[in-house]
Structures are given as C-alpha cells and as structure tokens.
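Spelled out from the first residue to the last, the chains are:
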Amino acid sequence: MKRLISVTINGKQRTDEVEPRLLLIHYLRDVVGLTGSHIGCETSLCGACTVELDGKAVKSCTMFAVQVDGCRLLTIEGLVSNGKYHPLQEAFWNEHGLQCGFCTPGMIVACKQLLERTPVPTEEEIRHGIEGNLCRCTGYQHIVNAVKAASAKMGI
Amino acid sequence: MIPQSFEYSVPNTLQEALQLLAGGNAKVLAGGMSLVPLMKLRLAAPEHLVDLRRITGLKTLSESSGEIRIGAMATHHDLDSSPLLRQRCPLLAEAAKHIGDVQVRNLGTIGGSLSHADPAADYPASLLALGAKVKLVRAGAERTLNLEDFLVDTFTTAAEPGELLTEIIVPVEEPKTGVSYQKMVQPASGFAIVGVAARVRKSNGQISLARLGLTGVAPSPFRAAAAEARLQGSAGSAEDIRQAAALVSSNIEANADIHASASYRKQMAQVYAARALHAALAEAS
Ligand SMILES: Cc1cc2nc3c(=O)[nH]c(=O)nc-3n(C[C@H](O)[C@H](O)[C@H](O)COP(=O)(O)OP(=O)(O)OC[C@H]3O[C@@H](n4cnc5c(N)ncnc54)[C@H](O)[C@@H]3O)c2cc1C
Ligand code: FES
Ligand code: FES
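Respectively, the protein sequence lines represent chains A and B. If you're matching positions, the first sequence starts at 1 in our numbering and goes up one per residue. If you're matching positions, the second sequence starts at 1001 in our numbering and goes up one per residue.
FYI, nobody ran anything at the bench for these hints, they're computed from the structure. Fair warning: there could be bad hints in the mix.
[Unchecked claim] Partner residues are not named here, just some residues of chain B that face chain A (Cβ under 7 Å, in silico): (1) Pro1003; (2) Ser1005; (3) Val1036; (4) Asp1101.
Note that the coordinates shown come from a computational prediction; the quantities given were computed from them, not determined experimentally. Ideal placement from N, C-alpha and C gives every residue a C-beta, glycine not left out.
Construct all of the structure, not just a fragment, from the sequences and the given hints.
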C-alpha cells in the first residue's frame, strides 16, 4: 500500500505517494528528479549516494523514502545559495578534488558534515571523516587538500 | 536491489509499537544499517516493518544511582559524542567511534547492533567487559538480562517474537579504572577481525579488577575468564600480560572466513588482548 510522505528537499516542501519499499536514492532520482546524488555500489559501501538528513550525512541507498517523512533533506543541488557555490564546492574545483566527478556529490556532503563537527580537522581526521566514501580517481590527496582549503576559507 | 513489498508503520509511542509487534509478524526497523542491506539482497523479507524512530523516549542517555541507561535507539554517533559517556563510561564511547563510517554511525543504533548479533559487532566486547545488562519489553511484561544471556549465538538473541530491546544498562566507571578497545579492522568492510576490550583497576600495586571482552573471534562475543583470573592479584607486569593474553583464545572454537583462518584469529586475539591490557594498565596506574 502506498503512503503519503511530506519532505522538505533543499528548502522546498513537497508531498508524494510512495511504496514503502522505495529506496530514498530512487525517490530522489526517479520521483523528484534530482540526479546529483549518484548510485555507485547500492550496497552501503561507496557513499556516492550520501545526502544530508536533518543535518546528518546518510547513505540514501540504505534507507526507505518513508523513513524521511517529516524530515529535511539537503542534496548537492541545494548547496549553491544565491547563485554562489559552497566553499567546499569551490575548494574541490580549485584543488582538483575531483576527476571523473562520480563520487563528488556524496563526498562533498560527507565533507560538509566533517567540517560542521570538526571545523579545523587534521589530515587524519579528514581521512577518518570520509571513510564511508570511495573515490577511484583522485587517490584522496586532492580531496584532503580541498577540505583543508575549505576549512581555512570558512574560518575567515 | 529492490526489496520485497512490506507494510510500514511508524508508531509514536512504545505502547503502540508493542501492540504492533505483539502479533509476531512484524519486524523492528531501527537504523536500518543491517536490516535494509539484508532486505535489498532479499535475505530478509519481513511482511511488516515497525519503525521506532518517532519514539523519543528510546533515545535518551541518563545516569542514576551508579548506572548509565542508554536507550536502544541511541545512535553510534550519539554514544561517540556523548559528554556523559566520554566522562563516565569512556570504553563504550570508544567502541562506538570504531563502528563503520560516519554515515553508518549517524543512523545505526546500539539496540539494533545488539539485536542483530553479528559475531564481529564492536559493542559486545566493551559491554561484556563492563558487565552490561539489557532490558526487554513486551506488551504487559518486561525483563532484564545479562548481556551474556542475551547474546545466544551468531545472529541469535534471547529476545522472543514481540519483544523489544529498550535499554542497555552499564555501570558508571570507577575512578582510576584503565580501559582500552583494540580492533583489528578488515579494511574493506570496516568490521572487526578481532576486537578486544580491557578494563583494569589496581590497588596497592596489585590488579584488583581485570575484565576482557572479545568480539570477532568466535560465533558469539565472550569474556576471557581464564585470562582475567590470571591477572587478578598480579602486579600486571609485561610477563603477567603475556601469560594472560595467551589464555584468551586457548579453549575457543574460532571462526574462519576468507579474511582470517581460525588459527590466525586466535593468534591475533592474543596480540590484541596484550595491546589492550598494556594500554589499559598504562591508564590505571
Ligand atoms: C557499511 C557498514 C559498515 C558497518 N561497520 C560496522 C562495524 O565496523 N562494526 C559494527 O559493530 N557494526 C558495523 N555495521 C553495522 C551497524 O553497526 C548497524 O548499525 C547495526 O548492526 C544495526 O543497527 P541498526 O540500528 O542499523 O539496526 P537495524 O538494521 O534497523 O536492525 C537490525 C536488526 O535488529 C532488530 N532490531 C533493531 N532494533 C531493535 C530493538 N530495539 N529491539 C529488538 N530488535 C531490534 C531488527 O529487527 C533487525 O533484525 C556496519 C554497517 C554498514 C552498513
Ligand atoms: S550507492 Fe549508496 S553507498 Fe554506494
Ligand atoms: S573523482 Fe572519480 S570517483 Fe572520485
């Protein structure tokens, strides 16, 4: 039986009828049309599907859409505000924190969580903070550099 | 990767949840970090899920009369970041920090981890060393069990159909207790190949309390009683630690998988037990 859910996504509220078994990532991509969050492994390991749920980074392939009824979601599409990139988006660009870009939407959401909890992280804390996100291109060093650059900029 | 259809309920109160579960057909959904992957693989196909996320009373951490009560729905992140736990029961907060990755810690719960009873789950090592108890509630009745009696076997607990784990109870740590959790990580999954939690206290230069909990080694996490007995009353010298660590896996039927053979696991259990004891003793004295 379908259920009605009401969710605020990137600041806009919407209501949809969904089957309980619909995964959150499929809801976001196929129902809402936000294709920024990617499906990499679909087995809770790669983090490409990471979105923010009530301020917490979660893997949207390992949740059902019905579980976010009444909640706030933020995806990579919602990070731009007033036409300006988020400092993390700028830093990923400037520091070459991405190559193919597949992991980037999830990676940036995980990094945002890290900087909120640890505004000036050490290299080790950065690597611990992105444990749940795999990148097959960069070798991570440029991502670490990008997080440091964003941290410095956000601290000003 | 699409699970079978199911009915979904999200009760607001514990009473409502217990009524929904009383029939025996419904399954609890906590953080979903173990259950949802199983449902996607169709290794689990529950007819009805009862999501506990709206029952706020199940998320609290509180201290009273020497005990800390942790709601079953408290997440790994809640435990890791709790000032109460960090100060009053640091071993448990440390175990929470070692679980999975940040996304898993944001959703996964202590109640879900214990109920799932994965033989390599992190919490049981620390909780066994702490002598934790669990509270189980069903419509019209409740009982409290020692964690040893709750964890029956691999993926098997003493909870009956319709019974809900609501609370985990640990003692407030006494001052000057040294604690340590040492985990050998399987790098791809992040789970423990071996995890050892140690708690030690000394008085007048002798060990007056020694507790060792192990996970990942055997079908169920366990306390290493022989090693504890070897340490009790000793000075805790390097030789005492070596001899005690040699006992942690001596009579154990160890697990074997593609990551580690049984004999390797037993060997690593000894190595990590010695590390945990050294670290805990350094804190205790
Ligand atoms: C990528 C990844 C890495 C992980 N790494 C680790 C790790 O390193 N160490 C580790 O210990 N764990 C790890 N886990 C597992 C994680 O800790 C889970 O959070 C935990 O095992 C289950 O908790 P949950 O709240 O998600 O429960 P769920 O998945 O919702 O439920 C698990 C089971 O318990 C039952 N249940 C849940 N709550 C209750 C309750 N209150 N009463 C009765 N039954 C209940 C459910 O019906 C279900 O059968 C990992 C998981 C993932 C996806
Ligand atoms: S697609 Fe969700 S973790 Fe890989
Ligand atoms: S940039 Fe290609 S996977 Fe990370």
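Outcome of the hint check:
| no. | hint | in the structure |
| --- | --- | --- |
| 1 | Pro1003 | holds (5 Å) |
| 2 | Ser1005 | holds (6 Å) |
| 3 | Val1036 | holds (5 Å) |
| 4 | Asp1101 | holds (3 Å) |
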